[in-house]
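Positions 1128 to 2023 (our numbering) are the ones given, in order, by the sequence shown.
Please keep in mind that the hints were generated in silico from the structure rather than gathered at the bench.
Ideal Cβ placement from N, Cα and C applies to all residues, glycine included.
Computed spacing ranges between beta-carbons, pair by pair:
#1 Glu1410 to Ala1522: 35 to 41 Å
#2 Arg1615 to Gln1749: 23 to 29 Å
#3 Arg1804 to Arg1615: 24 to 30 Å
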Amino acid sequence: MRLTRRCVVRRPASPMRFALPALALALTLALGAPPPGRAQERASADDGGGSLHVALEAHQTGDYPQAVSAYRSLARSGHEFPASARGWARSLAATGEYESALEALDRAAARAPDGADAETELARARGSMLYALGRLDDAEANFRRAIEGRAGDAQLARLDLGRLLFDRGEREEALALFDGFIDFYNRARRLDSEELRAVGAALTYLGARDPDLFHDAVRAFEEAIAADPGDPEPRIDLGLLFLGKYDSFEAGPLIDEALARNPAHARALLAKARRAKFDGSTEALELAEQALETNPRFTEARAFMARLHLELEDVDEAEAEVRRALETNPVSLLAWTEIAAAAHLRGDAAAFAEARDRVLRLDPRHAGLYVALAQVAYRTHRYADAVEFARQAVALDPLSWPGRAELGLNQLRTGEIEAGRATLEASFAGDPFNVWVFNTLDLLEELAGFETVESPRFRFSMHPKEAGALSIYATALAEEAFDALSARYGFEPPTPISVEVYDRHADFSVRTVGLAGIGALGVSFGSVLAMDSPGARPGGAFNWGSTLWHEISHAFTLGYTEHRVPRWLSEGLAVLDERHAREGWGSDVDPGFLAAFRDERLPSLERFNYGFVRPAYPGQVQHAYYMASLLCEMIETTHGFDAVLAMLAGYRDGLETPEVVERALGTTLPALDRELRDYIEIRFGPTLKALGDPQAGAPPGPDTFAGLLMAAAEAQRAGRTEEAMGALERAHEVFPEYAGPDAPILILGQLRREAGDLARAAEAYRTYAALNENHFEAHLALADLEQALGNDAAAREALERAIWIDPFHLDLHTRLASGYEAAERWSEAALERRALLALAPADLAEAHYRLALALHRGGDARSARSAVLDALEIAPNFEAALDLLLEIRGDPEDRR
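Build out the structure end to end from the sequences listed, making use of the hints.
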């Protein structure tokens, strides 16, 4: 269910409900149109009105110095009071000059026209500045003065007071104030944009008790947009409302429209940063920094920056950000919440308790503390902690629907499927507009129809159309991985390990982040894994076998460290474990990685996680995986795998990375970084040299890798095949590990095959297949070549590797089955015949018969009899099957 726009929720009038009238103005009104309502009426005044309009225009478009100057000029002359004074303070506050804004209000009050109650009319503006500085008692007193004195902005002060009381835990008084906006709306003949924004904001609070009011909040914000199309604020309000419901699609255009009007708007930039974070975009950090360029004292932006750093496991930088926030507002709930999260990640129980208690003293009912802690725990793979924190959020506030959502989602991540479903259903009943919850509940309905396949230590959930064939290989590989990794790590994670294999990438994406669009192939929550099936992507898009091994590796490293392993180490070990599992798995070096190393664009180990989560250039995520695997490879090679285990133990014991490195490796983090770069330099020295150091616009040198590829392509186009092959051989020599689709060794194999040099073509294809785990056609071509050369066992091996790329390829299984039968390897032949049957070939009777034959030849008479009867049930007159049945009945094994 989605939060609708332009949809009136009509109901009988009551103290708690109201019906918004139909929206008469379209949202496409020009942003630059003059604002109607009170602001326009003021701007039309004869003396100073034009200046007030100029000031407002400057403020709304982000020219804050001009706005300050224009408002100050009016206020000092006593014109347009109190609008000029409020505008002066508001424009100063937009850049964080809160104390100057208070001084401006004092100066304006002294110049107020005779008879004006300046203190009352400016009380709300003064309260807003005091609120931003954390002077809550003074802020409350000013809001109450504006309300009691019936200032022109008394209703706005009523909203501010309600927010302040809500954040102090005084919920009932706050909600009563918010509820008053319903009558305020219904009784008013006309409201200006700011008042409509206040109505919308009040309704978002009331929506926790009556979710239908969220519809009305949307309508109020839309009317605010229509009332003043030039004001970015209501668009930001509405965008944030949608974003709070995980509806990035609706939020995006509204936020962009606000920024089109005012590119420097700190709150709009922060809203866009939040959307970028939600969408997985790398722009979140940059956008938050831009917001702080406008307002360096924007407490909410500082807290958001801290959260980004926490999710990167950069606790020092996160704490630095929140300390800056507290310099402005020492009682910021957001800042103290992030301090608590940072302390939890450090394992500093005393600091955590101090920050938690500080938050709860400020607001004893602040469930947002535990929601934030759950979110940070989830982002740093501490799913059990996330469950516990979310439980505390719900216990503190049963109406914390975000808390229930976090609880349900993390229950699913820890394998509590039924409990998670029940929790999410309760969350959805309270807030039916949370897109993540809606999508996940929809996914659970799909998952309920999946087939469960169990092995000794795994429980697979697969789509019925894929389970029959896929489970044959997945269960065997998973058990092999478990045996290998338990021996390697000396540890076993809790079993059974649940593996959800999704036939649609969108479903896997929802399982992972709540929305379609994630680029990953698999995810590990510990002993709960989820991944794409090979059928979820185009053929040959990835190697599902190595992906499964990779995710099982995470179950070991997460379990070993009690979910405290940093991402870079867990990912590096998982890729390295792939390399140990099969030839060609986990090999991902490409020219881009080496060029990034050459150009010093790879992050230092102190900021290693940034390459995974906040990449600085396209392709850096893939480079981060490979760099992490090289680090782990180097440590294992130079220090032994016991050193890797010592690092994991250090993280399990709560140590931070510098301490882990010193204890396990006897070195410092900067020294380890230099050692890694030396290792890469030595390992890839000739290749790095062959990359060259190109200048902008200059063609590659003839002896560079790119130059050799260009020479080979040119010779090939001209029909000079021998020359092309010579250039390709030299290109392969300088970059022997390159496995891209234009790899010289692959093209060389193709040319040799075309020339009839099958032996050397097979040699080239063998080399390429050992480098590229995903190239299905190359594996098939290698199998053809091996078979033509009489290397039947090698041909079967190539086909076996191809199964890890596409297990749903009928011809692949047919060829393998025939090859095993020719070698009289009957158990393997029977397995392939079962896979063929699961894929529903055109001639089912023939498929059952072939299975029966393999089973019979392998000595399994009873299973063979069952299979041949299945064939005869389809085709009763199938002569070969009848003969086989007679043969089986004559088998003494069948009569036992």
